[in-house]
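*Asks:* Residue numbers (the numbering used here), protein chains in the order written: chain B, 1 to 336; chain P, 1 to 168.
A portion of the hints provided could be inaccurate.
DSBU-like mimics (lysine-lysine), calculated; alpha carbons at most 30 angstroms apart, straight line [said to hold, decoys possible]:
(1) B/K63 to B/K22
(2) P/K4 to P/K57
(3) P/K157 to B/K237
(4) P/K40 to P/K18
(5) B/K242 to P/K57
(6) B/K242 to P/K157
(7) P/K126 to P/K156
(8) P/K126 to P/K57
(9) B/K59 to B/K76
(10) P/K126 to P/K4
(11) P/K4 to B/K99
(12) P/K4 to B/K242
(13) P/K126 to B/K242
(14) B/K59 to B/K22
(15) B/K63 to B/K76
(16) B/K99 to B/K22
(17) B/K242 to B/K209
(18) B/K76 to B/K139
(19) P/K140 to B/K298
(20) B/K22 to B/K64
(21) B/K242 to P/K156
(22) P/K18 to P/K4
(23) P/K62 to B/K298
(24) B/K73 to B/K63
(25) P/K126 to P/K140
(26) P/K40 to B/K298
(27) B/K209 to P/K157
(28) P/K57 to B/K298
(29) B/K56 to B/K73
(30) B/K64 to B/K209
(31) B/K298 to B/K237
(32) B/K298 to B/K242
(33) P/K126 to B/K209
Reference excerpt, derived from the structure (chain B facing chain P, CB under 10 angstroms, subset only) [to be verified]:
(34) A129
(35) N229
(36) I231
(37) L232
(38) I249
(39) E252
(40) A260
Hints are computed from structural coordinates only; laboratory data are not their basis.
Idealized CB from N, CA, C, for every residue including glycine.
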Amino acid sequence: MRIILIGFGNLGKGLARIFVDKADFLRKTYGLVPHVVAVADERGAAMDENGLNLSKLLKVAEKKSVAAYEGGKRGKMALEVIEDMEADVVYELTPTNIKNGEPGFTHIKRAMLTGKHVITSNKGPLVVAFGELDSLARKCGVEFRYSASVGGAIPVINLARRLLAGNEIREVCGVLNGTTNYILTRMSTEGVPFEIVLREAQELGIAEKDPTLDIRGIDTACKITILANSILGIDAKLEHVKVTGIDRISSEAIRLAREAGQTIKLVGVARRGSLEVGPRLVPFGHPLAVGGTLNAVKFELDLAREITITGFGAGPQETSSSLLGDLIDIHRTLGG
Amino acid sequence: MLVKIVMELEDVPGQLLKALEPISRFGGNIQSIMHQRERKTPLGRVPVMLVFEISDKARMNKILNELRTMGVRITQLGEREGAVRSTVLLVGHIVHTDIMGTIDRLNGIRGVMVSDLSLAMGAPNKESAARMTITAGDEKRLRLAISTLRRAAGRKKLLMITSLEETE
Ligand SMILES: NC(=O)c1ccc[n+]([C@@H]2O[C@H](COP(=O)([O-])OP(=O)(O)OC[C@H]3O[C@@H](n4cnc5c(N)ncnc54)[C@H](OP(=O)(O)O)[C@@H]3O)[C@@H](O)[C@H]2O)c1
Numbered sequence: 001m002r003i004i005l006i007g008f009g010n011l012g013k014g015l016a017r018i019f020v021d022k023a024d025f026l027r028k029t030y031g032l033v034p035h036v037v038a039v040a041d042e043r044g045a046a047m048d049e050n051g052l053n054l055s056k057l058l059k060v061a062e063k064k065s066v067a068a069y070e071g072g073k074r075g076k077m078a079l080e081v082i083e084d085m086e087a088d089v090v091y092e093l094t095p096t097n098i099k100n101g102e103p104g105f106t107h108i109k110r111a112m113l114t115g116k117h118v119i120t121s122n123k124g125p126l127v128v129a130f131g132e133l134d135s136l137a138r139k140c141g142v143e144f145r146y147s148a149s150v151g152g153a154i155p156v157i158n159l160a161r162r163l164l165a166g167n168e169i170r171e172v173c174g175v176l177n178g179t180t181n182y183i184l185t186r187m188s189t190e191g192v193p194f195e196i197v198l199r200e201a202q203e204l205g206i207a208e209k210d211p212t213l214d215i216r217g218i219d220t221a222c223k224i225t226i227l228a229n230s231i232l233g234i235d236a237k238l239e240h241v242k243v244t245g246i247d248r249i250s251s252e253a254i255r256l257a258r259e260a261g262q263t264i265k266l267v268g269v270a271r272r273g274s275l276e277v278g279p280r281l282v283p284f285g286h287p288l289a290v291g292g293t294l295n296a297v298k299f300e301l302d303l304a305r306e307i308t309i310t311g312f313g314a315g316p317q318e319t320s321s322s323l324l325g326d327l328i329d330i331h332r333t334l335g336g
Numbered sequence: 001m002l003v004k005i006v007m008e009l010e011d012v013p014g015q016l017l018k019a020l021e022p023i024s025r026f027g028g029n030i031q032s033i034m035h036q037r038e039r040k041t042p043l044g045r046v047p048v049m050l051v052f053e054i055s056d057k058a059r060m061n062k063i064l065n066e067l068r069t070m071g072v073r074i075t076q077l078g079e080r081e082g083a084v085r086s087t088v089l090l091v092g093h094i095v096h097t098d099i100m101g102t103i104d105r106l107n108g109i110r111g112v113m114v115s116d117l118s119l120a121m122g123a124p125n126k127e128s129a130a131r132m133t134i135t136a137g138d139e140k141r142l143r144l145a146i147s148t149l150r151r152a153a154g155r156k157k158l159l160m161i162t163s164l165e166e167t168e
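So here's chain P without its partners, still in its complex pose:
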């Protein structure tokens, strides 16, 4: 998901770098940074607008908590819709069990899209593996997509490996 925040930093060198550290530490991918010097606060703090991409809400919250603990004031927070995602691995006879059909079914859920697929074929008669990234409009839809995929994997006797953050 994409997160946009506006935070107030003291106008001394090194502040921005310090504030960016927790974002990268928790796996955030910084997309843009904009100083809003013209909007300096009465106490001399400079608002900085920051956009970053992060895999899930739990991590976003960790970043925000960390920033607050550091004493950074966050004045605005917005999550952009349409960008929660989760990576899933499948192991089994993936091609023979119609992976495309499964993908069509997931894509058929409103607000859900299989945005990435990598296949690794096993040796003849061995199982293959696939990595799939599912992108959804919000957490609820992502959950629905994952449980749909879980049921399909069960029917097709595929081993499904979800991310640690994913709970059943």
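Isolated chain B (complex conformation):
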């Protein structure tokens, strides 16, 4: 399969590493040989019709843009790469922009219009224009996969859409943001104030320098929007989600909760007629009372009643599980 990677940050690099490490496994198990023919970052692109040497590229990209790869082009735009190169699949792995979905939105549309399947982890285009992209993919006859956009490594969307396909999904709710869950867990187990745990999380690289989107619940709201669209079939936008963050949660509040056998979690809930994100009291021992950076998602179903899955919601290696899964799935669907 011929592959283009747009964005070569944590996830792009992580995925490239997995392609190298799992080359034998993929070929032997699925007959799948991923040829990465182009990689673009914000500064330029590396291209090779015969497939890039990913180990070399990873080495180059440790310090520089991928454009520094042999024959690479500084200033070559991702959009041109998508148009110029022949490929089966485009991975869109650029930063999330919730205002207008760019640059991912344009990248994805162009990839579809030029007949390429799209796999993305980028929430921006999905919260801004889920419906538009979904129907464009259909019109262009290409596959559109976004497993990694919600729950990182946890197969939330595929579990719901495939294995639970015989159920009516009444509600999906979950702990969908590792950063805030880490903060709340530390506050609860150590009794440390919010500001101190936040700083600690930033030092550990768990929280971003600007953690606003996580803390204010916006990241969770993005994921709720994507789940509402993709598994509940609701034509929802980010602004339809009622959001409360965790910035007002004090150690005192957490202590009072604990004394009543409860913990505070940032929970997103999607159900027909109500999309909301906010701190909630969750009893210790409840399936959503997961600790650290873990995520957990619970489905309420007419047949199966309740199913909860737990796992890592972020990290390059963990998220590769979903990104690679989407590729193998497309490979199989197309009978490759």
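Keeping the supplied structure of chain B fixed, place chain P with the ligand upon it in accordance with the hints.
*Replies:* Frame of chain B; chain P with the ligand shown alone:
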């Protein structure tokens, strides 16, 4: 809420223990157990009357379902009125915004009572927190109390944190 059930168990050791497991697993608090050996069924099963306290109906149903799945026959089921409750946290300038007034208003709703209140004062100029347990005669009244409290919290700019089981 308080739940009273009568279930029929096989008269072999270990049956009762097995039947109690789902109750504690879903957070039920067992109050009393009474074997009714004198009422042994023709098939040799012993009716056992059990009273337990549980936070809400959803959990009660989970327990009952679990028992039925285990093959336990439940012959009687009664919920005692006057004992649905919900725990709520409030964060903000609670004392300055007249928490007692809010409690009076909730207590003024028929069949509703604020049965527990814990306050944790924040550092000077910081927000404080309160935990409140609302007990009501039935689910409908509890809902009404919670939406009343939600409106009051909104007016007073308090953050209100409800239990996961509570929906808006
Ligand atoms: N990290 C995770 O665990 C995780 C998990 C799930 C989903 N996600 C989502 O996945 C996406 C990628 O995450 P990440 O952690 O890999 O981000 P990242 O480390 O910030 O990498 C972003 C990459 O996109 C490139 N880029 C930015 N603008 C571009 C443009 N206009 N054209 C081409 N490339 C451009 C950047 O180029 P430069 O190198 O030149 O700056 C960089 O290589 C984000 O949307 C994120 O929200 C991440």
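*Asks:* Within a Cα-Cα threshold of 30 angstroms, do P/K126 and P/K4 meet the stated pairing?
*Replies:* violated (45 angstroms)
*Asks:* Measuring from the C-beta of B/E252 to each C-beta in chain P, is the shortest one below 10 angstroms?
*Replies:* Nearest chain P Cβ about 4 angstroms off; hint holds.
*Asks:* Hint check: P/K126 vs B/K209, CA-CA at most 30 angstroms. Holds or violated?
*Replies:* The given pair, whose Cα atoms are some 25 angstroms apart, holds under the 30 angstroms limit.
*Asks:* Given the hinted pair B/K59 and B/K76, is their alpha-carbon gap at most 30 angstroms?
*Replies:* With Cα atoms ~20 angstroms apart, B/K59 and B/K76 stay inside 30 angstroms; holds.
*Asks:* Checking one constraint from the list: CA of B/K298 to CA of B/K237, max 30 angstroms. Satisfied?
*Replies:* holds (21 angstroms)
*Asks:* Does B/K22 sit within 30 angstroms of B/K99, going by the straight-line distance between their CA atoms?
*Replies:* violated (36 angstroms)
*Asks:* With a cut-off of 30 angstroms on the C-alpha distance, tell me whether P/K4 and P/K57 pass.
*Replies:* Holds - the C-alpha atoms of P/K57 and P/K4 are around 13 angstroms apart, at most 30 angstroms.
*Asks:* Is B/K73 within 30 angstroms of B/K63, Cα to Cα?
*Replies:* holds (16 angstroms)
*Asks:* Sort out whether B/K298 lies within 30 angstroms of P/K40, counting only the CA atoms.
*Replies:* Roughly 42 angstroms separates the two Cα atoms, so the pair is violated.
*Asks:* Assess, step by step, whether the Cα of B/K242 is no farther than 30 angstroms from the Cα of P/K157, and give holds or violated.
*Replies:* holds (16 angstroms)
*Asks:* Within 30 angstroms, alpha carbon to alpha carbon, are B/K64 and B/K209?
*Replies:* holds (22 angstroms)
*Asks:* Is P/K40 within 30 angstroms of P/K18, Cα to Cα?
*Replies:* Given that 30 angstroms is the threshold and the Cα spacing comes to 19 angstroms, the pair holds.
Going down the numbered hints, you'll see the structure goes against 8, 10, 11, 12, 16, 25, 26, 34, 35, 36, 37, while the others check out.
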